[in-house]
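There are 4 protein chains.
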Amino acid sequence: MQRPILPQRMRTETTPLPSLRALAAQFAHIRRRSLALAAPLSEEDCGAQSMADASPVKWHLAHTTWFFETFILETYESGFRPFDPAFRILFNSYYNGVGARHPRPERGLLTRPGLPTIMAYRAAVDERIGALLEAPSDHGADPTHAGLARLLQLGLQHEQQHQELLLTDVKHLLSFNPAMGAYAASALPASPQAPAGHGALGWQRLGGGVHEIGHGGDGFCFDNEMPRHRQFIEPFEFARRLVSNREFAAFIEAGGYRDPALWLAEGWDLVCRQQWSHPLYWRRDPERDGKWLEFTLHGLGPLDPERPVTHVSLFEADAYAQWLASGHAAGADHGATRLPTEAEWECAADAANAAKITELAQYGHLHPHAAADGDQISQLFADCWQWTSSSYAPYPGFSAAAGAIGEYNGKFMINQYVLRGSSCATPPGHSRNSYRNFFPAGARWQFSGIRLARSV
Amino acid sequence: MQRPILPQRMRTETTPLPSLRALAAQFAHIRRRSLALAAPLSEEDCGAQSMADASPVKWHLAHTTWFFETFILETYESGFRPFDPAFRILFNSYYNGVGARHPRPERGLLTRPGLPTIMAYRAAVDERIGALLEAPSDHGADPTHAGLARLLQLGLQHEQQHQELLLTDVKHLLSFNPAMGAYAASALPASPQAPAGHGALGWQRLGGGVHEIGHGGDGFCFDNEMPRHRQFIEPFEFARRLVSNREFAAFIEAGGYRDPALWLAEGWDLVCRQQWSHPLYWRRDPERDGKWLEFTLHGLGPLDPERPVTHVSLFEADAYAQWLASGHAAGADHGATRLPTEAEWECAADAANAAKITELAQYGHLHPHAAADGDQISQLFADCWQWTSSSYAPYPGFSAAAGAIGEYNGKFMINQYVLRGSSCATPPGHSRNSYRNFFPAGARWQFSGIRLARSV
Amino acid sequence: MQRPILPQRMRTETTPLPSLRALAAQFAHIRRRSLALAAPLSEEDCGAQSMADASPVKWHLAHTTWFFETFILETYESGFRPFDPAFRILFNSYYNGVGARHPRPERGLLTRPGLPTIMAYRAAVDERIGALLEAPSDHGADPTHAGLARLLQLGLQHEQQHQELLLTDVKHLLSFNPAMGAYAASALPASPQAPAGHGALGWQRLGGGVHEIGHGGDGFCFDNEMPRHRQFIEPFEFARRLVSNREFAAFIEAGGYRDPALWLAEGWDLVCRQQWSHPLYWRRDPERDGKWLEFTLHGLGPLDPERPVTHVSLFEADAYAQWLASGHAAGADHGATRLPTEAEWECAADAANAAKITELAQYGHLHPHAAADGDQISQLFADCWQWTSSSYAPYPGFSAAAGAIGEYNGKFMINQYVLRGSSCATPPGHSRNSYRNFFPAGARWQFSGIRLARSV
Amino acid sequence: MQRPILPQRMRTETTPLPSLRALAAQFAHIRRRSLALAAPLSEEDCGAQSMADASPVKWHLAHTTWFFETFILETYESGFRPFDPAFRILFNSYYNGVGARHPRPERGLLTRPGLPTIMAYRAAVDERIGALLEAPSDHGADPTHAGLARLLQLGLQHEQQHQELLLTDVKHLLSFNPAMGAYAASALPASPQAPAGHGALGWQRLGGGVHEIGHGGDGFCFDNEMPRHRQFIEPFEFARRLVSNREFAAFIEAGGYRDPALWLAEGWDLVCRQQWSHPLYWRRDPERDGKWLEFTLHGLGPLDPERPVTHVSLFEADAYAQWLASGHAAGADHGATRLPTEAEWECAADAANAAKITELAQYGHLHPHAAADGDQISQLFADCWQWTSSSYAPYPGFSAAAGAIGEYNGKFMINQYVLRGSSCATPPGHSRNSYRNFFPAGARWQFSGIRLARSV
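If you read the sequences in order, they're chains A, B, C and D. Quick note: the first sequence, position 82, residue 101 per the working numbering, numbers continuous. Quick note: the second sequence, position 117, residue 136 per the working numbering, numbers continuous. Quick note: the third sequence, position 368, residue 387 per the working numbering, numbers continuous. Quick note: the fourth sequence, position 431, residue 450 per the working numbering, numbers continuous.
Keep in mind that the hints were calculated from the coordinates and are not lab data. Owing to the predicted nature of the structure, the values given are computational and were not obtained by experimental measurement. Please note that a few of the clues may not be correct.
No distinction is drawn between identical chains; accordingly, a pair holds when it is met within one copy or between any pair of copies.
As the list claims (entries may be wrong) - The list that follows gives simulated cross-link-like pairs (lysine to any residue, SDA-like), each with its CA atoms no further than 25 Å apart: (1) K310 to P104; (2) K310 to H121; (3) K310 to R120; (4) K310 to E325; (5) K310 to I108.
Based on the sequences and whatever the hints tell you, model everything.
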């Protein structure tokens with residue numbers, strides 16, 4: 020996720036902001052959670068960077084702190100002095116408005132400052148933010164501290180986004196040496212074997228009219244979810260669950276990775292050039308006749324056929340849909356399957372009253388769970404992000420806020436595709452129907468899965 | 020244009036097809052036009068390939084012929100024998116269903132067969148197609164010859180697309196040595212100087228409801244224009260003309276190519292990496308104080324400030340809109356300018372009754388013309404293709420036809436953006452409101468210009 | 020060959036120069052030969068460039084003419100005016116001292132000026148050189164016209180070097196479409212089958228003392244062949260003939276391209292990255308059980324086992340020697356075979372009185388010939404250039420001349436390796452024992468073959 | 020240094036081997052020194068890899084241990100069991116004969132096993148080697164334990180080579196964040212300012228006959244130093260000291276990095292592509308009028324003009340020599356300066372009786388020292404490695420030993436150039452006149468400096 024950061028609320032002011040006291044409690048809670056996520060890792064684990072798109076854990080811990088220091092303390096703390104002036108450059112991600120920055124692909128080379136210094140940096144900024152919230156200085160222009168509250172809220176959402184990235188980045192790192200690479204101490208339990216005939220893919224009919232899209236209720240949202248606006252949605256059907264590992268393995272067995280007719284042209288280029296033949300973290304087990312293994316945050320183990328397929332690119336998701344539509348898969352004919360648009364996805368989530376469902380989501384393991392059987396739309400949240408066919412683009416009327424923080428609101432709105440929902444790595448409370456995640460079509464290191472749709 | 024090729028009509032059958040006699044006349048006319056376009060060029064000009072994205076003129080002449088031979092003669096001619104069996108591979112563009120193909124970046128290395136052989140190939144196929152249309156063999160399954168007619172119609176549209184590419188590809192080639200590089204014998208006349216205060220950018224209000232998008236009337240269309248479907252379009256305003264060279268030069272003077280705040284992140288990377296500082300074919304004149312020159316198909320000459328800016332990428336178009344929206348441009352405040360979506364563009368073209376306007380378009384020169392003054396929407400067709408903010412994606416309900424010809428209908432529907440309208444290089448009769456051209460956001464060698472819009 | 024160009028004679032003045040009259044005759048002869056080499060080719064053949072390392076035939080024809088115009092006419096012709104001022108840049112190869120130059124990888128894009136213009140350029144310069152030699156203007160500083168004679172001699176040697184490159188470059192181009200790609204009208208005859216037991220590799224013992232290396236006799240030489248100097252050569256043995264296709268095919272059959280133990284580390288990287296599995300122009304014949312074909316300037320035909328293997332890199336030559344040394348080849352044990360140093364090669368050529376042999380060489384075909392049986396050292400000249408293990412480095416005391424022409428004498432003396440001898444594509448009279456050709460170790464498009472040596 | 024590893028002694032057996040007891044003492048001493056070198060570094064410092072050519076400190080510590088485990092314990096320890104079977108792959112550098120290996124550019128991603136595990140690995144192998152040397156098992160074929168002694172000696176030399184690499188690699192890493200990057204606790208003292216007119220470059224005349232090259236005396240050498248053989252060396256002069264920072268700064272001021280006439284063609288490409296304008300670790304000080312700083316293992320400080328220039332490529336060394344030869348430098352005319360050949364260097368070292376000098380070298384700081392004034396050849400050892408113009412090639416009669424350890428003896432003998440001497444980072448006792456270090460001509464991260472020579 021290349022993070023959108025400006026809350027639309029800054030302009031519209033229709034929702035009550037949380038109090039500073041409430042925010043202080045959230046702040047303490049969320050900041051602690053970042054430390055808890057890093058706790059199982061060694062200093063070395065925290066320092067390495069496995070590719071330019073990923074960042075070291077230490078960098079996530081520092082950058083989220085930098086965000087509070089730069090955008091809040093620097094403005095609101097009287098007598099502000101930086102913890103270390105060099106950090107302004109070292110831990111700036113991409114804000115040209117803030118000034119220079121350390122080159123992204125070289126984040127793993129920053130062995131100094133070391134992890135203990137970063138921990139001290141976090142503690143110092145936490146303490147200063149705490150003090151500020153206890154006794155915010157008097158701002159003539161903002162007596163209710165709304166600006167402070169909004170930036171704090173944004174900083175916390177920002178930190179939550181990095182919590183998910185921390186997990187997907189460390190998973191990518193550990194995958195280079197999977198024999199030694201569990202993040203979580205516990206093993207991943209096998210899902211109960213589904214009875215034969217059970218669990219066939221079901222469909223829900225939706226659409227056929229003007230639908231409102233975008234954030235509409237109370238509470239925080241990012242600016243890219245706004246403005247709420249109308250879209251006409253032709254009738255369509257939405258798959259009740261995600262595509263499973265069992266189903267995706269059948270695609271592989273049928274030669275799906277070897278048939279150019281199933282792939283978008285650019286996807287086929289990637290398949291050939293990078294020699295893709297399975298999802299990112301699948302491995303063949305040389306000692307069990309090539310049976311599939313999967314590397315998860317719980318270590319390397321047998322592939323669980325009931326869980327949803329994950330760590331696939333948009334290209335693989337689309338090729339799977341094409342293959343199913345081609346009628347060559349065994350089993351029921353599902354017609355002209357395809358990926359949903361983001362409007363269709365949001366329409367389905369609204370229909371499913373998904374927000375309520377989310378409350379019940381269990382964050383037991385750091386891997387997507389098998390679908391429950393039933394005739395409800397399921398697995399919208401807390402399992403896998405779901406690729407849509409929609410490119411990431413501004414909603415009608417979208418515009419960026421002024422100043423450094425809003426400087427680049429839309430600058431990622433090109434050649435990226437929207438994912439909807441949330442994943443097993445998403446922090447609790449960080450999901451909603453209107454949330455727009457986005458990555459390039461070839462990205463595979465997020466918990467991305469496949470939701471199917473079809474026109475009627 | 021990576022060509023969409025399957026006519027939706029194959030499935031829907033709602034429009035009467037032209038008669039074989041009428042098609043034979045069109046065939047002769049269009050095929051002759053390709054030869055006329057190549058006539059000013061030497062054998063060497065016809066053989067060279069300036070980049071992987073462009074093809075040699077000779078290859079265009081051969082590939083369009085291959086299309087008729089492979090998809091029509093091979094099916095409909097009794098006793099078919101190929102002109103040369105090697106051509107099946109050499110002149111296949113991207114149809115895996117037809118078999119192997121010569122690598123695209125090596126098209127310029129095919130000095131054999133030489134241009135005279137290709138001319139003989141064209142003549143032979145033309146004669147055989149002529150004979151076939153005179154006396155089509157009896158197809159029990161298709162007594163009205165509808166299949167033949169449809170494929171012929173498609174082949175002609177395909178050839179027209181390549182006529183435009185032939186011109187943009189040869190322009191790109193000649194630009195490597197601009198001192199010697201005119202394609203057209205005539206010089207490009209200067210536009211009359213606009214009087215002061217004249218020609219300010221005007222806006223037309225549109226939208227605000229459900230609009231039908233996609234091909235709806237009689238006549239040919241490509242499959243990607245179908246199905247016609249409904250979209251809700253929020254109210255917006257549409258610029259009455261294209262952005263001019265004068266206006267774009269002001270953007271350059273104001274440092275537009277040096278300010279990252281104006282650019283999409285990926286565009287800024289391109290600006291830095293490829294050191295963009297002006298549209299593709301602008302040059303500084305070292306002997307006239309660095310005044311702008313422009314290389315056109317009519318040769319290298321002074322930049323005409325009244326003509327529309329052309330050969331810009333989507334990134335440059337978007338940065339220009341951002342700059343204008345930022346309020347730093349001299350003159351009137353145009354508000355939050357942006358690029359239109361393709362639905363907005365089509366809505367505007369429908370409102371302008373643009374098809375009728377097209378009839379009047381003058382194809383006098385191979386370069387876009389200055390806008391006429393007035394309060395009508397102008398320059399929709401025959402000047403520059405217009406970048407939209409819409410990624411190239413399937414319309415709801417789109418599906419590909421069976422067989423080799425339809426094999427890859429949607430395979431380019433990723434990481435490409437839609438351009439609407441047509442250009443000075445588009446063949447007469449090859450434009451319509453629903454036409455969808457598409458290129459990657461960084462492409463600059465087409466006649467692509469800037470149409471602005473804004474939300475209201 | 021990245022051409023060394025400054026004749027040592029400029030400094031040493033020990034050898035009589037040819038008269039202007041004699042040079043005029045050579046000039047006419049050599050210049051005509053370039054046209055004869057281009058005669059079988061179409062304009063398209065002459066314009067294309069198959070890779071950055073190769074140049075179009077047209078460019079060779081123009082650049083050699085540019086050399087005479089720039090370095091001779093510009094200095095010696097009174098009232099000099101350039102044929103076309105743009106050519107100074109377009110046809111400069113790498114002389115920064117002369118000014119800017121057209122980028123090397125874009126030589127194939129120069130469709131203008133066309134081939135007829137280049138032919139006119141050649142004719143005009145030939146005529147002006149002819150006139151100059153008839154009546155050289157009076158140079159006070161050089162009454163005997165020695166400077167003029169030396170530059171003319173150099174220009175002719177330079178043109179001969181380009182004659183060889185013209186052939187190897189056009190061979191590379193035509194190889195992209197081998198079915199249509201013969202350069203020569205005649206077919207290549209098969210060599211007589213060698214009787215069994217015939218033609219075993221023989222060895223000649225040499226060395227064991229101080230030997231003089233470098234050009235020593237009369238006649239022209241390049242500066243890199245000078246100064247003649249002493250080297251101590253340990254005793255060694257020199258193979259009497261080149262490695263044959265039959266022998267190299269055995270290396271392939273034995274898995275030579277799949278065994279990293281035989282390869283220099285950088286060579287193995289190339290084998291893997293470029294998937295080398297045979298010499299550059301060998302092909303498997305799908306219709307004859309995968310039997311080897313070879314593409315030659317005479318077209319595609321069965322591999323002739325008796326002819327020397329050619330178009331191999333230094334890496335392949337070295338790997339072959341390692342394989343033979345490893346004792347895994349069938350047949351006689353040849354001991355610790357390796358490539359010779361260039362000093363060893365020159366020592367062997369001197370011992371063989373090779374210059375005299377060269378006189379007898381037959382230039383019947385544009386492909387290396389099978390070795391004659393016998394106990395003499397053979398195939399030193401006129402078949403394949405022979406890789407040595409010597410990096411291209413200055414001889415002790417080497418120094419570059421002043422001025423533009425000598426500006427870069429040694430600038431290629433890094434990461435290139437010396438080849439000795441000459442090839443079937445070398446012009447008659449352009450060979451000598453001290454001649455140093457040089458290419459990067461991975462180059463394969465020259466007529467480069469394998470001469471073995473071993474220490475004793 | 021891509022390490023040559025096979026001691027020629029294995030074949031020649033002319034020198035007495037150290038006793039196992041003596042080797043045990045050396046083993047303890049050298050192994051401790053590696054730990055001492057890593058002691059100032061954090062776990063994070065030890066884990067990072069700054070480029071593919073460099074390795075993490077942790078990897079050096081593990082790989083040197085792997086060498087003893089794989090080549091000694093596996094052969095000589097009865098009941099051998101590996102410390103961890105996975106290490107066989109993880110810490111193999113390039114021995115295909117040993118089997119698979121972890122990809123070199125991904126060494127920095129091996130956060131597991133962590134540094135504490137590697138320390139335990141070292142301790143375990145040290146203990147087992149110690150036990151083995153106390154009571155070597157009875158080898159019928161080798162009652163004197165010569166094989167064991169030789170491999171141990173080789174392992175220790177190998178570890179010493181990695182000690183130097185450890186320092187140069189960590190220097191490269193820390194240079195990415197120079198403000199925080201000192202390795203050594205102490206600062207580097209300034210050299211005493213040389214009095215005016217003092218310290219001019221002096222020359223020593225040498226050569227002019229047959230000279231023996233290669234290892235000849237007692238003691239260990241690598242196989243690439245053998246066989247000792249004869250070379251004829253033309254008379255030459257050898258600079259008595261290295262080029263200083265002051266002198267190299269004058270080259271920069273004179274535009275040396277901007278004049279293509281001074282550079283080898285491939286060097287000029289690097290200068291342009293990588294925008295070289297100074298030695299690797301020089302920086303301009305923005306707060307002192309752009310005065311030069313140098314980053315050393317002692318931190319970032321003012322450039323010391325008296326110390327030798329270091330961290331230059333062969334290209335920069337050669338360009339400096341060309342510039343001095345061009346006569347444009349201020350001061351004395353030194354004639355046609357150039358780099359020495361490796362034979363000339365060894366001849367000079369022999370003449371200087373350099374081995375004895377080495378004994379006196381002071382390893383006070385981890386940076387090269389200013390030259391002492393005098394008329395002796397100085398700075399041969401313990402300051403900077405010295406580029407020669409000699410490509411790294413086998414000596415006449417060189418041949419590789421059998422088995423995995425000798426598998427690739429010569430595989431780096433291509434496109435690398437020899438450096439002679441030793442540096443401030445070379446372990447004490449690891450220098451000799453015949454030692455051949457080698458790197459690609461563009462490498463700059465070693466302590467490489469400039470020794471000049473000239474022909475007479």
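Go through the copies and call it for K310 and E325: within, between, both or neither, with a Cα cutoff of 25 Å.
Within one copy only: 15 Å inside a chain, 51 Å across chains, cut-off 25 Å.
Could you figure out if K310 and R120 sit no more than 25 Å apart (CA to CA) within one copy, between two copies, both or neither?
between (46 Å within a copy, 24 Å between copies)
Tell me, please, which holds for K310 and P104 at an alpha-carbon limit of 25 Å: within, between, both or neither?
For K310 and P104, only the inter-copy Cα distance (23 Å) is at most 25 Å; the intra-copy one is 53 Å.
Which holds for K310 with H121 at a C-alpha limit of 25 Å: within a copy, between copies, both or neither?
between (43 Å within a copy, 23 Å between copies)
What label fits K310 with I108 when the C-alpha limit is 25 Å: within, between, both, or neither?
Classified as between; 23 Å across copies, 47 Å inside a copy.
Every hint from the earlier list agrees with this structure, and none is contradicted.
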